[in-house]
Amino acid sequence: MGNVLEIDRITKRFPGVVANDAVSLDVEAGEIHALVGENGSGKSTLMNIVYGLYQADSGEIRLNGERVEIDDPRDAINLGLGMVFQHFMLVDTLTVAENVILRAEPQKFRFVDYRKAEQEVARLADAYGLRIDPRAKVADISVGQEQRVEILKALYRRAKVLILDEPTAVLTPQETEELFQVMRNLREQGTTIVFITHKIKEVLAISDRVSVLRRGKLVGTRSTAETGHKELAEMMVGREVLLRVEKEPAKPGAPVAEISGLYVDDQRGTAAVKDVSLKIRQGEVVGIAGVEGNGQQELVEAITGLTTARTGKVLLHGEPIQHLGPMRIKRKGISYIPEDRHKRGLILDYNVADNLILGLHTQPPFVEHRLFRSERHIAEHARKLVEEYDIRPPNPELLMYTLSGGNQQKAIVAREFSRRPEFLICSQPTRGLDIGAIEFIHREIIRQRDRGTAILLVSAELDEILSLSDTIAVMYDGKIVAVLPAQEADERRLGYLMLGGDPHLPEGDAERGVTAT
Amino acid sequence: MELQQRSLTSRNLLVPIGSVVLALLVGSIFILVVGENPLYAYRVLLVESFGSINNIAGTLQRSTPLIFTGLGVAFAFRCGLFNIGAEGQLYVGGMVAAIIGVSFGNLPGLIHLPIAVFAGMLAGGLWAAIPGILKAKLGVHEVINTIMMNFVAYYLTDFLVTGPFHGGRWAPETDRVFPTAVLERILPPSRLNTGIFLAIVALVVVYIVLWKTKTGYEIRAVGLNPSAAEYGGISVARNMVLAMVISGAVASLAGVEQVLGVHGRFIQRFSPDLGFIGIAVALLGKNHPVGVFFAAVLFGALRTGGAAMDRLTDVPRELVVIIQAMIIMFVAADELIRRLVPRRRKA
Ligand SMILES: Nc1ncnc2c1ncn2[C@@H]1O[C@H](COP(=O)(O)OP(=O)(O)O)[C@@H](O)[C@H]1O
Ligand SMILES: [Mg+2]
Chain A
-4 MGNVLEIDRI
6 TKRFPGVVAN
16 DAVSLDVEAG
26 EIHALVGENG
36 SGKSTLMNIV
46 YGLYQADSGE
56 IRLNGERVEI
66 DDPRDAINLG
76 LGMVFQHFML
86 VDTLTVAENV
96 ILRAEPQKFR
106 FVDYRKAEQE
116 VARLADAYGL
126 RIDPRAKVAD
136 ISVGQEQRVE
146 ILKALYRRAK
156 VLILDEPTAV
166 LTPQETEELF
176 QVMRNLREQG
186 TTIVFITHKI
196 KEVLAISDRV
206 SVLRRGKLVG
216 TRSTAETGHK
226 ELAEMMVGRE
236 VLLRVEKEPA
246 KPGAPVAEIS
256 GLYVDDQRGT
266 AAVKDVSLKI
276 RQGEVVGIAG
286 VEGNGQQELV
296 EAITGLTTAR
306 TGKVLLHGEP
316 IQHLGPMRIK
326 RKGISYIPED
336 RHKRGLILDY
346 NVADNLILGL
356 HTQPPFVEHR
366 LFRSERHIAE
376 HARKLVEEYD
386 IRPPNPELLM
396 YTLSGGNQQK
406 AIVAREFSRR
416 PEFLICSQPT
426 RGLDIGAIEF
436 IHREIIRQRD
446 RGTAILLVSA
456 ELDEILSLSD
466 TIAVMYDGKI
476 VAVLPAQEAD
486 ERRLGYLMLG
496 GDPHLPEGDA
506 ERGVTAT
Chain B
13 MELQQRSLTS
23 RNLLVPIGSV
33 VLALLVGSIF
43 ILVVGENPLY
53 AYRVLLVESF
63 GSINNIAGTL
73 QRSTPLIFTG
83 LGVAFAFRCG
93 LFNIGAEGQL
103 YVGGMVAAII
113 GVSFGNLPGL
123 IHLPIAVFAG
133 MLAGGLWAAI
143 PGILKAKLGV
153 HEVINTIMMN
163 FVAYYLTDFL
173 VTGPFHGGRW
183 APETDRVFPT
193 AVLERILPPS
203 RLNTGIFLAI
213 VALVVVYIVL
223 WKTKTGYEIR
233 AVGLNPSAAE
243 YGGISVARNM
253 VLAMVISGAV
263 ASLAGVEQVL
273 GVHGRFIQRF
283 SPDLGFIGIA
293 VALLGKNHPV
303 GVFFAAVLFG
313 ALRTGGAAMD
323 RLTDVPRELV
333 VIIQAMIIMF
343 VAADELIRRL
353 VPRRRKA
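These protein sequence lines are chains A and B, in that order.
Start counting the first sequence at -4; every next residue gets the next number (the working numbering).
Start counting the second sequence at 13; every next residue gets the next number (the working numbering).
Derived by calculation from the structure, the hints in this document are not laboratory data.
Note that the coordinates shown come from a computational prediction; the quantities given were computed from them, not determined experimentally.
Don't take each hint at face value.
Selected chain B positions facing chain A (Cβ under 8 Å, derived; list incomplete) [said to hold, decoys possible]:
hint, residue
1, K224
2, T225
3, K226
4, Y229
5, A233
6, A240
7, E242
Pairwise CB distance ranges (calculated) [what the hints assert, rightly or not]:
hint, chain 1, residue 1, chain 2, residue 2, range
8, A, E55, B, L58, 55 to 61 Å
9, A, R69, B, L51, 43 to 49 Å
10, A, L366, B, P184, 41 to 47 Å
11, B, D285, A, D128, 52 to 58 Å
12, B, P201, A, L366, 39 to 45 Å
For glycine and all other residues, C-beta sits at the position ideal for the given N, C-alpha and C.
I would like the entire structure built from these sequences, with the hints used as guidance.
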């Protein structure tokens, strides 16, 4: 088959960076072409150029062999291109169908024909397996469904080439699987897809070919069947990458934290954590596996004092701490890497140095005479951590929001790890980060473990749980349904338990167990 | 950079200065309509507010209470709170200062004045604590409560000044405060008084509190991201109440200064909306002490010059109010100005 889309030596400069440096790549008709690279490698920029949002400084774009000038998205749409962005652009107060037809409304006597719109949207959704109710208000639907609306918008405008910019970043694993099915359906019916991601697993699962960008340059294009995890990781990072964390077997010591009979309510007042008991010992990583929203967040916030448990105990070295506030719990030697770094973990309008003392800001040496900030010590602390944890750019005066996600996370890790905690709680510590940053944070977690820290790891990524944990607890519907040594766990077994499978059934009966409940 | 946020760099200055320029341009249309020459009218305004020592003194005198109210409002803003109650706080502060001022005639000035000032501040701070506590503990929006507290303050002081503390004269005012409680005049005949030094001290203290203490770190953290503040062990409720108390205490100094320095007594409803103009001052000054100072001086100058313009030209003094309103509108619509002024960056 021929190429639908040819990108030829596209260069795009932004102040201070070359976002795309003479990038050339061809997309064949009817394929799913993955575009991968670390954050900031220029994937979005390249596709925004194709879609007419940015103008290239040089280079050309050909569609079906013909050179095209794409000045704005309207040109792109007319040429049969569609794009779904990382941030959706929907009108909350309108229905799904209304959003889909917006600015391309079917008309009848100069009135919008909503009946026809709904039918058309339903027909399209049906044809590609996009589960959605055309009459639902966008305000009421989930993020995954919003994404389907965006896809429908493109299809409704007869897109032949569909660009998806990191569509899986906002999806749960199940939704991702559903999206992949939709993508396969689309491919079957002749749509070409450019799929942006930085997760290699997804590339291998869905794409026909894959192109890798690194620092604005195309490293290469491979046929997915002829490449693998290792090669792609190296192409992305530019050096050899350790896919599995290297670690010695744990040498667990005395129990540090003991949780018993803990019940926690969520914001609506219903029990989110039900009778959880857990023990975390010195020098071991206890991983909590589970589909998100099964009480992990509430459990962690109760341990750290950010919410109050209804009943139950949290003991640190045998001493109850569940009634203490967040500050006093912190001072007892608990560090916490929160799941939502923008909402919880950082003050984006503070500079890096001030973020690095959050929670330490009331303690010497950062305070003098009990009230005044010690700028000298704050700056020194920041300089030290920025260097030690390789936070880039290495300037503690920069406001936090100017840093990339990976570096923001490194700042949190630096702050929390440098307190030399006795008990460390990591919630989704590598969410949204690229391979280099993940590798770094994993190594740091293991280093903490080997120092004798007790670690509780919560993650929706099974890979992460499996490669870091010494003991794995599976959480489902607010309860710990199984605790097993890491050696006895594998992806299948955990996946089965996470979905509510019966822990007492032997492995062989697993599938039947799920369908029976 | 934190520095960018802290100091007034060119980018931060763009909106305030652009707003003032635009407001003056719009104002000139009105001047043309009444048949005057805008350049002449503005020249009068400038000369009459800054043209002589005496005029400068008058301008500074009108700026002094605005520094207090602007600073108070700005302080609460830094904690994410919108204190619309400066007007009520300054009445309460002024009343308490007056009560102390007309009582205790036998105290030495070195004690009497500080007590009167401090008591006024304390009263204003406690007054503001009420909406602060309601917000922190019950989540009641502070905008509603500060407005309500204004009305309570008006009628409470109405009652006090016409009832228990009504002075010997017929007018609704207290007696003169004892000379030991007076903020001395600096450059008579203007009514500029030592309150201006108090204002400068307040500016410096607020700057230090916000950026050089752990308390300021916590208050600003709560204002920028309460969830992260909580995570960092910062008590959101405590800091909200504290910020309201400080905000109210600073704002109430405007009333204290008017009573002890300008009028020498509490006069019923003496404030020409000083508390509300303070909101504009904070907005224009970007909630920064340095910005608040310049914004207060600007508004003070408009008041002084406006009166003169009224006398010397056909332009009514209401023009000044129009210009003030325009400035606020343009500051609020800062995006508009950012777009009007071309930037070099082109993506
Ligand atoms: N509008 C913009 N202005 C300035 N720099 C930008 C802009 N968009 C992207 N960049 C820079 O270009 C580079 C590539 O960014 P991007 O294409 O978003 O990467 P990716 O999508 O691969 O994460 C980054 O260094 C980013 O900071
Ligand atoms: Mg991107």
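Looking back at the numbered hints, which does the structure fail to meet, lowest number first?
Of the numbered hints, all hold.
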